[in-house]
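Peer 1: Given next are the chains, with one letter for each unit.
2 protein chains.
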Amino acid sequence: MSKTFDTLKPYLDKAMAFATARNLFEWDDQTIAPYEAAEYTSKVVGILSDEYMKCLINDDVRKLIKKLKEDKEQEELTDKEKAIIKELCKTYEQLESIPPEEYRAFNELTLVANRAWTKAKKDKDYEHFAPYLKKIIEYKKKFAGYRVKKGQELYEVLLGDFEECFGIKDLDIFFDKIKKEIVPLLKQVANKSDTIDKNYNFLKYDLDKQREFNRFLCGYLGFDFNRGVIAESAHPFTLNLHNHDVRITNKYIENNLESAMFSVIHETGHALYEMNIDDSLTQTPVGTGASMGMHESQSRLYENIIGRSKAFWIPLYDKLVETYPENLKNISLDDFIRGVNKAEPGLIRTEADELSYPLHIIIRYEIEKMIFSGEADIDKLPELWNSKCQEYLGITPENDAEGILQDIHWSFGEFGYFPSYAIGSAVASQIYAKIVEVMPVEDYLKEGNLTPIREFLRDSIHKYGATKNTNQILMDITQEEFNADYYVNYLKDKYEKLYNL
Amino acid sequence: MSKTFDTLKPYLDKAMAFATARNLFEWDDQTIAPYEAAEYTSKVVGILSDEYMKCLINDDVRKLIKKLKEDKEQEELTDKEKAIIKELCKTYEQLESIPPEEYRAFNELTLVANRAWTKAKKDKDYEHFAPYLKKIIEYKKKFAGYRVKKGQELYEVLLGDFEECFGIKDLDIFFDKIKKEIVPLLKQVANKSDTIDKNYNFLKYDLDKQREFNRFLCGYLGFDFNRGVIAESAHPFTLNLHNHDVRITNKYIENNLESAMFSVIHETGHALYEMNIDDSLTQTPVGTGASMGMHESQSRLYENIIGRSKAFWIPLYDKLVETYPENLKNISLDDFIRGVNKAEPGLIRTEADELSYPLHIIIRYEIEKMIFSGEADIDKLPELWNSKCQEYLGITPENDAEGILQDIHWSFGEFGYFPSYAIGSAVASQIYAKIVEVMPVEDYLKEGNLTPIREFLRDSIHKYGATKNTNQILMDITQEEFNADYYVNYLKDKYEKLYNL
Numbered sequence: 001m002s003k004t005f006d007t008l009k010p011y012l013d014k015a016m017a018f019a020t021a022r023n024l025f026e027w028d029d030q031t032i033a034p035y036e037a038a039e040y041t042s043k044v045v046g047i048l049s050d051e052y053m054k055c056l057i058n059d060d061v062r063k064l065i066k067k068l069k070e071d072k073e074q075e076e077l078t079d080k081e082k083a084i085i086k087e088l089c090k091t092y093e094q095l096e097s098i099p100p101e102e103y104r105a106f107n108e109l110t111l112v113a114n115r116a117w118t119k120a121k122k123d124k125d126y127e128h129f130a131p132y133l134k135k136i137i138e139y140k141k142k143f144a145g146y147r148v149k150k151g152q153e154l155y156e157v158l159l160g161d162f163e164e165c166f167g168i169k170d171l172d173i174f175f176d177k178i179k180k181e182i183v184p185l186l187k188q189v190a191n192k193s194d195t196i197d198k199n200y201n202f203l204k205y206d207l208d209k210q211r212e213f214n215r216f217l218c219g220y221l222g223f224d225f226n227r228g229v230i231a232e233s234a235h236p237f238t239l240n241l242h243n244h245d246v247r248i249t250n251k252y253i254e255n256n257l258e259s260a261m262f263s264v265i266h267e268t269g270h271a272l273y274e275m276n277i278d279d280s281l282t283q284t285p286v287g288t289g290a291s292m293g294m295h296e297s298q299s300r301l302y303e304n305i306i307g308r309s310k311a312f313w314i315p316l317y318d319k320l321v322e323t324y325p326e327n328l329k330n331i332s333l334d335d336f337i338r339g340v341n342k343a344e345p346g347l348i349r350t351e352a353d354e355l356s357y358p359l360h361i362i363i364r365y366e367i368e369k370m371i372f373s374g375e376a377d378i379d380k381l382p383e384l385w386n387s388k389c390q391e392y393l394g395i396t397p398e399n400d401a402e403g404i405l406q407d408i409h410w411s412f413g414e415f416g417y418f419p420s421y422a423i424g425s426a427v428a429s430q431i432y433a434k435i436v437e438v439m440p441v442e443d444y445l446k447e448g449n450l451t452p453i454r455e456f457l458r459d460s461i462h463k464y465g466a467t468k469n470t471n472q473i474l475m476d477i478t479q480e481e482f483n484a485d486y487y488v489n490y491l492k493d494k495y496e497k498l499y500n501l
Numbered sequence: 001m002s003k004t005f006d007t008l009k010p011y012l013d014k015a016m017a018f019a020t021a022r023n024l025f026e027w028d029d030q031t032i033a034p035y036e037a038a039e040y041t042s043k044v045v046g047i048l049s050d051e052y053m054k055c056l057i058n059d060d061v062r063k064l065i066k067k068l069k070e071d072k073e074q075e076e077l078t079d080k081e082k083a084i085i086k087e088l089c090k091t092y093e094q095l096e097s098i099p100p101e102e103y104r105a106f107n108e109l110t111l112v113a114n115r116a117w118t119k120a121k122k123d124k125d126y127e128h129f130a131p132y133l134k135k136i137i138e139y140k141k142k143f144a145g146y147r148v149k150k151g152q153e154l155y156e157v158l159l160g161d162f163e164e165c166f167g168i169k170d171l172d173i174f175f176d177k178i179k180k181e182i183v184p185l186l187k188q189v190a191n192k193s194d195t196i197d198k199n200y201n202f203l204k205y206d207l208d209k210q211r212e213f214n215r216f217l218c219g220y221l222g223f224d225f226n227r228g229v230i231a232e233s234a235h236p237f238t239l240n241l242h243n244h245d246v247r248i249t250n251k252y253i254e255n256n257l258e259s260a261m262f263s264v265i266h267e268t269g270h271a272l273y274e275m276n277i278d279d280s281l282t283q284t285p286v287g288t289g290a291s292m293g294m295h296e297s298q299s300r301l302y303e304n305i306i307g308r309s310k311a312f313w314i315p316l317y318d319k320l321v322e323t324y325p326e327n328l329k330n331i332s333l334d335d336f337i338r339g340v341n342k343a344e345p346g347l348i349r350t351e352a353d354e355l356s357y358p359l360h361i362i363i364r365y366e367i368e369k370m371i372f373s374g375e376a377d378i379d380k381l382p383e384l385w386n387s388k389c390q391e392y393l394g395i396t397p398e399n400d401a402e403g404i405l406q407d408i409h410w411s412f413g414e415f416g417y418f419p420s421y422a423i424g425s426a427v428a429s430q431i432y433a434k435i436v437e438v439m440p441v442e443d444y445l446k447e448g449n450l451t452p453i454r455e456f457l458r459d460s461i462h463k464y465g466a467t468k469n470t471n472q473i474l475m476d477i478t479q480e481e482f483n484a485d486y487y488v489n490y491l492k493d494k495y496e497k498l499y500n501l
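First to last, the sequence lines map onto chains A and B.
According to this note's numbering, the residues represented by the first sequence are 1 to 501, in order.
According to this note's numbering, the residues represented by the second sequence are 1 to 501, in order.
It should be emphasised that the hints constitute simulated quantities derived from the structure, not laboratory data.
Among the hints, a few may not be true.
Once the Cα atoms are required to be at most 20 Å apart in a straight line, the calculated EDC-like pairs of lysine to aspartate or glutamate come out as [stated by the list, open to error]:
| # | chain 1 | residue 1 | chain 2 | residue 2 |
| --- | --- | --- | --- | --- |
| 1 | B | K209 | A | D208 |
| 2 | B | K14 | A | E39 |
| 3 | B | K342 | B | D194 |
| 4 | A | K463 | B | E36 |
Please model the complete structure; the sequences and the hints are all you need to start from.
Peer 2: In structure tokens, the structure reads:
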């Protein structure tokens, strides 16, 4: 037992309480809060955020951390405590160098910028957003500049905030591989798009029946309704207060069967991660996923690799047909599986199929890299976007709303975030390759037995929270570090079969 | 502009933020939080409560308040600021004298006591709860003892926490009047109970139709859905984050048409109060109702005086019949009005009709008074309860669950709270008598025009928040202080007509 750590604990608990409250306000805002509440409620959330910062970033905590890093103190720390100190150091590294008045000005800017982005997207008018985007980029460069090491790229600093295991070099290798293998594959697939008919997906599907079936699906995957809830929001998301309160949302669209179904599988993947974090870690700085990419690997493993497989649907498909006999009675399970895996290059990332998805990420990654190396002219980003879109996806946006303005992230200053989505897909493939090795996973899926998979993920990933990083987890499971070959092979194998290439 | 007040403001804002967060957790807990969340979430709420206390009760704030009470400072304060200081002084008076370790021990005790009460009520076993109740009463006596003035009763201190305008003397006069006039009236009515048939109320009423009709009713009364929401919970309640986010809940029962309908009218009465508090007061210590009793006057004015009147239902009843033609097509509006006003002595306060309701309060008031004067033997409370129940209502509970154990309040240490319910009904009658004088209210109701009533209440009560107390409000509206005659006359008049006495 470290006395110094015990002195630190009340600060951590307080920060946890403020962060949890902020999360609850976020949940509430996205799910139920009345329209006019925001202006007054934001004052509350602002104060909670300030208090969160103040109780973590202050001289007392700074001294305690410094002391805890001494050899003598380290000896007395448990692994969990060491991981907590490491997380805290990361937070200090990210925030401490930024002068508070600049941080506040930046946060105020993003509020305005986000509104400008909303309007610009609605009006399909990039020029309206460009001045805000320029200012945001200036701030991000400045902030990264405070922390950048000699010879390091600014963009590297930003990437590091989301994934400690993936820098520019790793991502360049990863994405080059994708470009080389997937771009030509997607072109072949696009030419054979007509061979798969999925009109059934766009018939009318009663919303209450969708709610009921998707709730069933969520429980089928192992979501524990005593420790979580499902609500509705404009965009599906997962949010947790702690490991005994994990919440997901969904959005039901009458003329789209797939949309809510694969959203719920995706969010349940995130939720199972948070629900299975060890009780001893929840409500601490390491009581969450190892990284954004690791989290996304769990949602995508469930959504794509498991959720779009025939084996998974064998015990489920009859129930789905019984729910909507008028639409599905003539659609065989094989038709349905072909339908949910149909790939077709489109302009919108969030609607992209599994095959084109990583190409959407590459467009963003390459543009972000150019922005922070100074190679990109911000006024000319739409042209840059459109040309990359044509190059990788073979199509060109007709306007900025379906091009450069489609994602919200930049309006909040989130640069370096997108690659995690693709990392997640690749990590999922690498892990799944191991699962196939250690258990008869297809048989389990066919029997409707999800427990062995869930327990494998719990025991090798979830329960550790953020006490291990992505590469440590991958090493412990697969005995190798991140390896994108599994992902490329998975996609090639799947789509070559599906389209008889 | 007072500089001293400006120095105080950040403390108030912080306290407001913590209190708002606590409110949101309360809302969430009652409406959506998953079953197992409580244990972990209570840690968060505990920290927020501690922080709330710490930022209000400390030497800096103490000094500022002391300074602000000086004559020179008072001159610079606006009325709103003076009212805020007054509220703060009340909080100090209530909390400062209690040693923090006793306060904490008491809060821990109430958590356990509440669980014991739940079990005792379920098992109809007062003896299980008695030891906890004794301890709670000891604490309450001790805490009141720290603040009691010479010659003052302990119970007077507790009453003052809820209503600054009503002490034992006032309540004795009030309740004696009720006993004298209402107890005999209720006996007459009970003998003629068979003359009103309300079987229609207990037929099957589709829950979704109830939800829809009650939402309509809520909007009809003036609830602004841009600034509020309706959800569901085990017991209906109203909660606000600020005046632009006011929330009510309802509970729908399939075999009871009235239950949800009069609940929504009641809660909308509370909600209109909070929604109409002035923007300049919300998120300050005076940004809420003047008192518990004043709040309850608004909910009861809408629920009972307006909501159970024929004039109110004239423009609405057809819609209700159209919603449930199978049950209501043969029930005339007059039948319906008789049904919703039917009085029948029962054992449960929360299910009581308008006429017997105050008698339920008198039972509790008299017992609480005896507890704190030392006249009551805690082990013998069930007998005391039952004899008073027989005396005032003419019936005796068969077990403790429908007697002494029915209400949750004492398990939380809330003594002195019940009288506010009856004060609310009486204040409502006094205010309504004035409304009848100043506007053709029945005509408005018949036309479906609720606006003049709503605006009257907004302009004479709601907008002031807690900057005026109950008697100031009553004086300004009715040119007299609290006068229970209006209430007694209202009840006598209404029930003598209804039962042809």
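Peer 1: Next, verify each hint and record whether it holds.
Peer 2: Here's how the hints hold up against the structure:
Distance check on the hinted pair: K209 of chain B and D208 of chain A sit about 16 Å apart at the alpha-carbon level, within 20 Å; holds. For the hint pairing K14 of chain B with E39 of chain A, the CA-to-CA distance comes to about 17 Å; that is within 20 Å, so the pair holds. At roughly 10 Å between alpha-carbon atoms, K342 of chain B and D194 of chain B fall within 20 Å of each other, so this suggested pair holds. Between the alpha carbons of K463 of chain A and E36 of chain B the distance comes to roughly 18 Å, so the proposed pair stays at or under 20 Å and holds.
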